[in-house]
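Chemist: Sequential numbering of the sequence shown, starting at 16, is according to my numbering.
Honestly, the hints are just simulated from the structure, not real lab data. Please note that the accuracy of each hint is not assured.
Stated by the list, open to error - Derived lysine-lysine pairs resembling BS3-like cross-links, with alpha carbons at most 27 Å apart:
#1 LYS195 with LYS49
#2 LYS103 with LYS195
#3 LYS103 with LYS164
Claimed, not checked - Derived DEER-like restraints, expressed as beta-carbon distance ranges:
#4 ARG109 with GLU74: 14 to 24 Å
#5 ASP110 with LYS130: 34 to 44 Å
#6 GLN102 with LYS195: 32 to 42 Å
Please read these numbers as outputs of a predicted model, since none were measured by experiment. We put the beta carbon where it would ideally sit given N, CA and C, even for glycine.
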Amino acid sequence: MQTVACFGDSLIYGFPFSPRVSWIAEAEKLTGHKFLNYGVCGDCTDDILTRLQTAFLPEQTTHILFLGGANDIIQMRPQKFIVEDLQKTVCYCRDKNLKPGIVLPLLTAESGLNKYLLPLREAISTRFAESVWLLDLQPAVGLTAAARKNAYLDGVHPTADVYRAMGRYAAPLLKSWLEKDNSK
């Protein structure tokens, strides 16, 4: 069994529900691996590194999974800084002999936000595809505007059913990542 510490914004936490309703809780049930939820509502990518540096991680922690970017976009942080923050977090993980994984920011039901999230997703994919394990949960949320509209309570936070669907979708991908020799 691998232990994964998960950091990032409220979509790691399971907001507005509880960590028990989060997608990582669902993935934990399905994979048999341990997912520790360090998500905090409102966290940006620079917060992820700070929380990671100050968190007590159990000795058996082998992997770090982090999700960020949407709150950065909401706060109008430039994409360049978001990607740099992610790079710093990846470097920190590697320095500590932890295997990093990045969850791509999700598109929302808000088209005004998506015009910034789409290029951010592309920038993250381009920058990290060859060096970091990437997880794209968008297929579980919905690929069309209509599907995304139904997936969110308020345009950006998933319903409980969508959190569970995200966990079911992520489980085999996470299991594969955790159970292989990930030298990235």
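Chemist: Which hint numbers does the structure go against, in order from smallest to largest?
Modeler: 3 and 6
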